[in-house]
Amino acid sequence: DGGITQSPKYLFRKEGQNVTLSCEQNLNHDAMYWYRQDPGQGLRLIYYSQIVNDFQKGDIAEGYSVSREKKESFPLTVTSAQKNPTAFYLCASRTDYNSPLHFGNGTRLTVT
Amino acid sequence: DQQVKQNSPSLSVQEGRISILNCDYTNSMFDYFLWYKKYPAEGPTFLISISSIKDKNEDGRFTVFLNKSAKHLSLHIVPSQPGDSAVYFCAASARTGGFKTIFGAGTRLFVKA
Chain A
1 DGGITQSPKY LFRKEGQNVT LSCEQNLNHD AMYWYRQDPG QGLRLIYYSQ IVNDFQKGDI
61 AEGYSVSREK KESFPLTVTS AQKNPTAFYL CASRTDYNSP LHFGNGTRLT VT
Chain B
1 DQQVKQNSPS LSVQEGRISI LNCDYTNSMF DYFLWYKKYP AEGPTFLISI SSIKDKNEDG
61 RFTVFLNKSA KHLSLHIVPS QPGDSAVYFC AASARTGGFK TIFGAGTRLF VKA
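These protein sequence lines map, in sequence, to chains A and B. In terms of the working numbering, the first sequence opens at residue 1 and continues consecutively. In terms of the working numbering, the second sequence opens at residue 1 and continues consecutively.
Just chain B, with the same shape it has in the complex (with noise of 0.2 Å):
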């Protein structure tokens, strides 16, 4: 069972565009939402979180939306860079059992010069 579900394998956007990544997640004991940027055979970087307290956070390119009604997170990347293409994965986490931490499968960004 997916718990965390990222339902794009790939998205493919135009420089100076903006990118749209879109998040899914289905256990209501989530609360606490991060996305990262991965190389292949690096490991991931963080980019950006969100609280389930907050709605939305931005840090300067990056913005991510909560919605929590919907189970649904965003990440949107304005404006896009040829060096934002990469794969993100979105990660969200539950305070019982321990800070376990699920990720999604990835959607794999291809920003185009």
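In isolation and in its complexed conformation, chain A is listed as follows (with noise of 0.2 Å):
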């Protein structure tokens, strides 16, 4: 089945430590994007890839960085100079301008 897989589901960190979370996709799609999701907010974006080797930074992207080397791949790494990194991150994909974004199912971070 296609799609795209965020791994892992719940991630633990101590404050200080940088953290990489995973988004996968078998979709072919171009395009990919982060997003956060706070308590009783909406989806913020954090950065978003039109094509590999290219990203944009979205309307939150301070404290993050990320990297798009394969078409499929397209990991978020939450540096310490992140204010509140504890969150809600979801990772999405489209195939064209005119498509929905599919969504992966998230990974809470928690950093303490």
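Please keep in mind that the hints were generated in silico from the structure rather than gathered at the bench. Careful: at least some of the hints might be erroneous.
Claimed, not checked - Mimicking BS3-like on lysine-lysine, the simulated pairs with C-alpha atoms at most 30 Å apart in a straight line are:
1) B:Lys5 - A:Lys57
2) B:Lys68 - A:Lys57
3) B:Lys37 - B:Lys68
4) A:Lys83 - B:Lys5
5) B:Lys112 - B:Lys5
6) B:Lys112 - A:Lys57
None of the values given here were measured: they were computed from a predicted structure.
Mind docking these for me? Both chains are given alone in their own frames, and the hints should help you get the complex.
Here is the structure:
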């Protein structure tokens, strides 16, 4: 079955540590996205990538980094510079512009 | 600056009646709009979309209306069912800057049996 896999489902880290969230898709989609959701809030765009080896900052990119070395993979690193990293992180992809985003099931990151 | 706004945090509707969820946007570069349904601790599920060249798109019980001059879109669910209870997000995309897609804050819909 084609889809987007985010792993792990739950992730715990100590403050000051960098952590990388995995996002893999086998849908052959060109564009990929990372969003963050905080309790009671909407989805805020962190980074997005239209094609391999290219990505743009979203509205809340500070403290995060990404890479897009392969079409199917778009890992997100939450660095120690991110002030409030505890959140629910969602990865998405889409095949072209006039098509919907397909989402993974998310990773809940807790930093203590 | 919120480019996509859903001003109603929640909406309660009786089963069988119409649910109307509203969304406003500010960026005139947005030309593709989507609605998603989301349950806690899961990824959003796509419901319906509309391109800016249309003013209405219908899929079963779901209809999306777009008013470009008012920069407003709405999702109509008829008839509403208890299983429709969830958080609904609208989203808007712009071709400039590489398919940037922005979501609203969401509206929680309660459908009462």
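Is the Cα-Cα distance between Lys112 (chain B) and Lys5 (chain B) 30 Å or less? Given pair Lys112 (chain B), Lys5 (chain B) holds - Cα atoms ~25 Å apart, limit 30 Å.
Given hint Lys5 (chain B) paired with Lys83 (chain A) - CA-CA distance at most 30 Å: holds (25 Å)
Pairwise hint evaluation, Lys57 (chain A) against Lys112 (chain B), where the allowed Cα distance is 30 Å at most: violated (41 Å)
Take the C-alpha atoms of Lys68 (chain B) and Lys57 (chain A), compute the straight-line distance between them, and say whether it is at most 30 Å. Between Lys68 (chain B) and Lys57 (chain A) the Cα gap is close to 27 Å, so the pair holds against 30 Å.
Sort out whether Lys57 (chain A) lies within 30 Å of Lys5 (chain B), counting only the CA atoms. The given pair, whose Cα atoms are some 21 Å apart, holds under the 30 Å limit.
Hinted pair, alpha-carbon criterion (30 Å max): Lys37 (chain B), Lys68 (chain B). Please report holds or violated. Holds, at roughly 23 Å.
Violated hint: 6 only; the structure is consistent with all others.
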